[in-house]
Amino acid sequence: MIYLPWFIWISPIVGALLTPAFAVISPKLRNWAAVGFSLIAAVAATVTSLTVAAGDYQVPWIPSVSSPTKSAITAGVLVDPLSMFMANIVAWVSFLIMVYSVEYMKEDSGLTRYWFFMNLFIGNMLLLILADNLLMMLFGWEGVGLCSYALIGYWYKDEKEHWVGTPGDTALGLPQAYSPSQAGMKAFIFTRIGDIALMIAIFLIYAYAGTFNYLELATKVAGSSGWAAGLARLGLLVPTALLFFGGPIGKSAQFPLQEWLPDAMAGPTSVSALIHAATMVKAGVFLTGRMGPIFYTALVQFQQVFPFFATIAWIGAFTAFLAATQATVAREIKKVLAYSTVSQIGYMMLGLGIAGLGANFALGYTAGLFHLMSHAIFKASLFLAAGWVIHAAESRFMDEMGGLAKGMRLTAAAMLLAGLSLMGIPPLSGFWTKDAVLSASFEANQYLLYGLGIATVLLTGFYTMRMLGMTFSGKPSAHLAELEHEGSHVHEARFTMLLPYLLLAVGSLIIGIAFPLIDPPLTNYLEGTFSVLRIAIPSGAPPESGTLSITLVAISVAVALAGAALGYIRYFNKEHHQITKPGGLQGFLWNRWYVNAIYYKIFVNGSMRVANGLYQYVEKGVWDPLNYVIARNVVEYSKASRQLDERVVDQAVNDVSTEGSRLSNIMKRFQTGVTQQYVISFAIGVLLLLAYMIFVIGAS
Amino acid sequence: MSLIDFTPFISLAVFGLAVTPAGLLGEGKARRTIAPSISMIGLFLALGSAIWLGFSAAQTPGPGAIMSTDIFTYFFTGVLLVVAIFVGVASLSFMRGDPNEAPYFGLLILSTLGMIVLAASLDLILLYVGWELMSIPTYALTAFRKSDPNSNEAAMKFFVLSALSSALIVYAISLVFGISGSTNLIAIANTFGSITPDVRPFGVLAIVLFIVGFGVKMAVVPFHMWIPDAFEGAPTTIGALLAAGAKMAAFAAAFRVFIIAIGPFHVEWHSIFAIIAIVTMTLGNLAALMQKSFTRLLAYSSIAQAGYIMIAFATPNGQAIAGGLFHVLNYSILKTAAFIAATAVATRLSISNLDSFNGLAKRMPQTSINIAVLFLGLAGVPPLSGFFSKALLFAGAVNSSLPWGGYLAIAGLLNSGFSMGYYGWLIKRMYFDEPSDGSRIPEPRSYMAVLWAATALTIIIGLYPQPWIQLSQDAANALKVLGPQA
Amino acid sequence: MEALTSFFGVSAILLGIGIYGLATKRSAIRILFAVELIYNAANLNIIAFARLRNPPIVTGQVIVLFSIALAAMEAAVGLAIIIVAFRLNNEIDLRKLTRLKG
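Residue numbers (numbering that gives the first Met the number 0), protein chains in the order written: chain A, 0 to 699; chain B, 0 to 485; chain C, 0 to 101.
Honestly, the hints are just simulated from the structure, not real lab data.
Ideal Cβ placement from N, Cα and C applies to all residues, glycine included.
Be aware that one or more of the hints could be misleading.
As the list claims (entries may be wrong) - Quick list of in silico lysine-lysine cross-link-like pairs, BS3-like style, CA-CA up to 25 Å:
| # | chain 1 | residue 1 | chain 2 | residue 2 |
| --- | --- | --- | --- | --- |
| 1 | A | K105 | A | K219 |
| 2 | A | K159 | A | K580 |
| 3 | A | K405 | A | K474 |
| 4 | B | K291 | B | K427 |
| 5 | C | K95 | C | K24 |
| 6 | B | K291 | A | K159 |
| 7 | A | K156 | B | K361 |
| 8 | A | K573 | A | K474 |
| 9 | B | K145 | B | K28 |
| 10 | A | K69 | A | K105 |
| 11 | B | K145 | A | K156 |
| 12 | B | K479 | A | K69 |
| 13 | A | K219 | A | K69 |
| 14 | A | K156 | A | K105 |
| 15 | B | K361 | B | K427 |
| 16 | A | K405 | A | K573 |
| 17 | C | K95 | B | K145 |
| 18 | A | K156 | B | K427 |
| 19 | A | K474 | A | K580 |
| 20 | B | K291 | C | K95 |
| 21 | B | K361 | A | K105 |
| 22 | A | K600 | A | K580 |
| 23 | B | K145 | A | K159 |
| 24 | B | K479 | B | K427 |
Said to hold, decoys possible - Chain B regions said to be covered by chain C (calculated; three or more residues, Cβ under 8 Å):
| # | segment |
| --- | --- |
| 25 | 61-71 |
| 26 | 91-97 |
| 27 | 137-146 |
| 28 | 180-191 |
| 29 | 436-448 |
Chain A on its own, in the form it takes in the complex (with noise of 0.2 Å):
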């Protein structure tokens, strides 16, 4: 075995290990070990993408499991282009995040915290990309919402500058502004609904397939006596993928358990574009891609192949269209940015559910992780100046800035780039990228999702313009005069934190104008991934160049270009007024269109009412009373007994006038502290455990 590519995800955890022991020593040294310890991985994923050979590095791990059906559990690393791709943008994108944090988080406390689940975090998803098998990966998975967990709820004292929302703001008369501890559990919990799918899928595949090991259970996934075939006969196979799909959807904040993201700004800004912009939500569309093209050969063998990529690709589009209509009428700056992020891995996902449904899977499969690279770099340089944007003008609300650009020029300089890239304009990355995304579902002919694309690309122009103009253009606001009259001006970030945005934003330049040399090499590339697996994948016809293409890149540029218009039109150079709650269909819009609040209606006041409830009635309200029933037709019989016998007498009239009250009392209660009734529901479930024998079973 070679150790190197165990290296990219254990030096990180190492790094978190070590935390608390170079804190001791000196902040300094805890401060820049961390980061060393995330160049290490991220030079460590380089090394080995360009040295080691792909294949599956293994190590026994629980082999007792083993029988003739299921094989022994590896715990393993899988070296294969698709997940040298992640690991090396993850670790890079993670590496520039730890450099900025050293100077953005400098006046915290509790730093030890900040740095140990952030380098956890970075091991945990190295993990999870470089798991050779659903085992692993799902401990990289959990690792990484816990970290995500334990960050957002990072300023677990809820003072009120770290809420997010508008203080007040209450949509269905639920308060719609969380405190970080709240937003966290919110998203815990989210993510936690779509993680219980995925693990009974993954157990449902386990049983079949006998194996977590991905290379296996592709050898294994086709003909008749493959797991696919196996889950096919009992009609599983399409419900067993849309299971599995479940977690992506949770964890990379997809349509309906999107609602966790938006709120998950309550964190660290550089959390925010570590976590859930630039790595952890993408582990959903790595999922998918993982084990997108073995879903692919397993459906494919019964016709299958529709429903699933088909639900995959609607839910991309819908959420890419839903949480871009959320963005144009946000208030924070960082919640732009957060429904943009949804927006885009909406996109991500179309491209992936496009592959299944088109001619060609590879078009697809590669359109949809460029975007993910694109956007990792042009986001996490978004989210990082808007971080020292919020540091500068003191707040987070967009309406409380304005004519900032005077004082930052090249923080805006870096968020127009960045912006750019978001808005898809050529040259930079993300027009690239997102129109493979588009062109491929219209070359599929899935015109409908393409429409919801193109309005979508419409959308992401005008809130990007928006955010510009209110931030950067115009008149500062009566809270920024404010700042200056208390004499504290608005100036550029040091160059520790300047320097990851800028580098990225012209990172993200420099692709998109290398694009049209470096797509052919690296679609080579990634197309690798299916040789890896041994499986065949139909690559169909290449991608249509000619008129057809132009036309489409023509369209998705005026299109992106017009919205652009609209927002540059409406907001910039204006003077700003305070962003209040909007009425109409921007009210709705305003309130996420009221899904959060159905959902906390429905689920958080639901949920602990039939817990209240079960409490009420099944303990309080059933149990209890049988026994009371029981226990009072008992006590009345042994009472009527107890007149005869003298001794008693005088006691029993004391107590009848006492019994009653004291049993109503005693209702109330669940555990009465009785013993009594604890024999009589003793006795009760004695005679249902016989009434269960004779009559359920026929024992008799």
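Could you slot chains B and C onto chain A? The hints should help.
Showing chains B and C alone in chain A's frame:
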């Protein structure tokens, strides 16, 4: 088979009887240390010999054997002795200065002896003797704080329900004896396979009474009502002994009776366990969510955990039984330590009010980190030990040919997720809430030793589950080989 | 077989009375009586099953001896607990022992 094979039993019997009189010897400081040290020697000797014998001398018992010395026996002996040692070590601090220290340790060891006899017995008479030997000392131990009305009330409730369960077990034994004319489990298994229809109702009644009788100690709904009251009132170390020791010993007895003796009965009785398992885990978790007291929370969580282990009875294939045994191992360590943590906290704070756990991480950092790991282990968060045993249990249920296997696995998964609600909530309280009083609280060394040992075991088993799974599988095979051969 | 049925009938009635007593009686002493009744129901069963079997087996009597001895031990510890309860509360009414609940 020689006397050597019974070293764990003999050493507990000898040391258990010697502790109380030895406590009267000596003067002053020597007098205080003599009883605890003798009992620790006895427990460690028993554990060491059990481990050594388990590896070197385990054998399948012959026909007519009353006591077995197979891997299953040594597996449970090891688990129960670890529980007893944890309780014993914690009691060194807990009982310091108590005038009745010697009888306390004597009763602790005799009760442990009862537990391991229970796990080893292949005969209903011995099983019953073991049951009483385990129960009677625990009544006295629960009532040990003579001047504390809570301790007395707990003992009273525990006694009434437990005595009822013992009596019902004797009644069930009488029925089985009537049907088969024997008290040997293997002989019973042979007659239960070919039972005539006219005595079948007696068999059904016997099964129900066994479920009920064992169920009281195993904490099965609806026979669970005494548990929260007894655990809350009893001295907290004894709470640990009841929750992990007595309960797991009852499981051992149930494994012996249901898998070996009643296995071949024609009536399909497994579904009853499926229902009980689901009801128990769900109700335990729901009720745990409502609790305001730490010990009651632990009590309800132990009820829920019993529900998981019941899966092994509902789908009794090799994998599920191995998973059940593995969970027995993990649960015993986790739950004992959780109670010891409660003991550590209770020295200064009120454990009947969860508010006193707010910000505990600042006041008792060692205790808090251990509670957090133990709770995550109980919830089954990977890579801690609880995750693998639950995974094995649920996998066994899924792979079972019985139709309810899938439902059990799903119910188990949902419940595990649900239980994070209260485990996570308490961890959040300890780490993220502000304490009302920030002063440090001393953390006695003997409690911390137990907690760190349990945490280390939890992590070690979680990171490298392989040998432990193997051990559980060997134990499961040793159990199944005595049962009906399909 | 008829003799066996009547023995079993009596023992079943004893079992019923025992559980009934446990559920209804307030005095801890009577609770103890009720437990003893269940033990005796079981003992009666065992003796009857052993004696009326063809050929009779002696194991039954051994079981009953064990059972009686152990039940006596249990009763002794139970009585001790009851005495302590009386000392603490000045009464032994189980229904008034409801400090632990909820």
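Status of each hint after checking the structure:
1. Distance restraint check for K105 (chain A) and K219 (chain A): the Cα-Cα separation of roughly 52 Å exceeds the 25 Å cut-off, and the hinted pair is therefore not satisfied.
2. Among the hinted pairs, K159 (chain A) with K580 (chain A) is consistent with the structure: their alpha-carbon atoms are about 20 Å apart, no more than 25 Å.
3. Between K405 (chain A) and K474 (chain A) the CA atoms are separated by roughly 10 Å; this keeps the pair inside 25 Å, and the hint holds.
4. Our distance criterion of 25 Å between C-alpha atoms is met by K291 (chain B) and K427 (chain B), whose separation comes to about 15 Å.
5. In summary, the hint linking K95 (chain C) to K24 (chain C) is supported, as the alpha carbons are separated by about 12 Å, within the 25 Å threshold.
6. With a C-alpha separation of about 29 Å, the suggested pair K291 (chain B) and K159 (chain A) falls outside the 25 Å cut-off, and the hint is violated.
7. Taking the CA atoms of K156 (chain A) and K361 (chain B), the gap is about 15 Å. The hint holds against a cut of 25 Å.
8. Between K573 (chain A) and K474 (chain A) the CA atoms are separated by roughly 7 Å; this keeps the pair inside 25 Å, and the hint holds.
9. At most 25 Å may separate the alpha-carbon atoms for a hinted pair to count; K145 (chain B) and K28 (chain B) meet this at roughly 24 Å.
10. With a C-alpha separation of about 51 Å, the suggested pairing of K69 (chain A) with K105 (chain A) is violated against the 25 Å cut-off.
11. Proposed proximity of K145 (chain B) and K156 (chain A) is contradicted: the alpha carbons are some 45 Å apart, above 25 Å.
12. Proposed proximity of K479 (chain B) and K69 (chain A) is supported: the alpha carbons are some 21 Å apart, at most 25 Å.
13. Straight-line distance between C-alpha atoms of K219 (chain A) and K69 (chain A) comes to about 12 Å, which keeps the hinted pair within the 25 Å bound.
14. Between the alpha carbons of K156 (chain A) and K105 (chain A) the distance comes to roughly 18 Å, so the proposed pair stays at or under 25 Å and holds.
15. A hinted pair counts as satisfied when its Cα atoms are at most 25 Å apart, and K361 (chain B) with K427 (chain B) qualifies at roughly 13 Å.
16. For a cut-off of 25 Å, the pair hint linking K405 (chain A) to K573 (chain A) stands: about 15 Å separates their Cα positions.
17. At most 25 Å may separate the alpha-carbon atoms for a hinted pair to count; K95 (chain C) and K145 (chain B) meet this at roughly 18 Å.
18. For the given pair, K156 (chain A) sits about 12 Å from K427 (chain B) by alpha-carbon distance, which is consistent with the 25 Å threshold.
19. Annotation: proposed proximity of K474 (chain A) to K580 (chain A) holds, straight-line Cα distance about 22 Å (limit 25 Å).
20. Between K291 (chain B) and K95 (chain C) the alpha-carbon distance is near 23 Å, which keeps this suggested pair within the 25 Å criterion.
21. For the suggested pair K361 (chain B) and K105 (chain A), the alpha carbons sit about 23 Å apart, so the restraint of at most 25 Å is met.
22. For the suggested pair K600 (chain A) and K580 (chain A), the alpha carbons sit about 21 Å apart, so the restraint of at most 25 Å is met.
23. The straight-line distance between the Cα atoms of K145 (chain B) and K159 (chain A) is roughly 52 Å, outside the 25 Å bound, and the hint therefore fails.
24. Of the supplied pair hints, the one linking K479 (chain B) and K427 (chain B) is violated, its CA atoms being roughly 43 Å apart against a limit of 25 Å.
25. Given a C-beta distance limit of less than 8 Å, the hint that chain C covers the segment 61-71 of chain B is violated, as 0 residues qualify and 3 are needed.
26. As drawn, the segment 91-97 of chain B meets chain C at 0 residues by the rule of a beta-carbon pair under 8 Å; below three, the given contact is violated.
27. Look at the segment 137-146 of chain B against chain C: 5 of its residues bring a Cβ nearer than 8 Å to a Cβ of that chain, three or more, so the hint holds.
28. With 3 residues having a beta carbon nearer than 8 Å to a beta carbon of chain C, the segment 180-191 of chain B meets the requirement of three or more and the stated coverage holds.
29. Given a C-beta distance limit of less than 8 Å, the hint that chain C covers the segment 436-448 of chain B is violated, as 0 residues qualify and 3 are needed.
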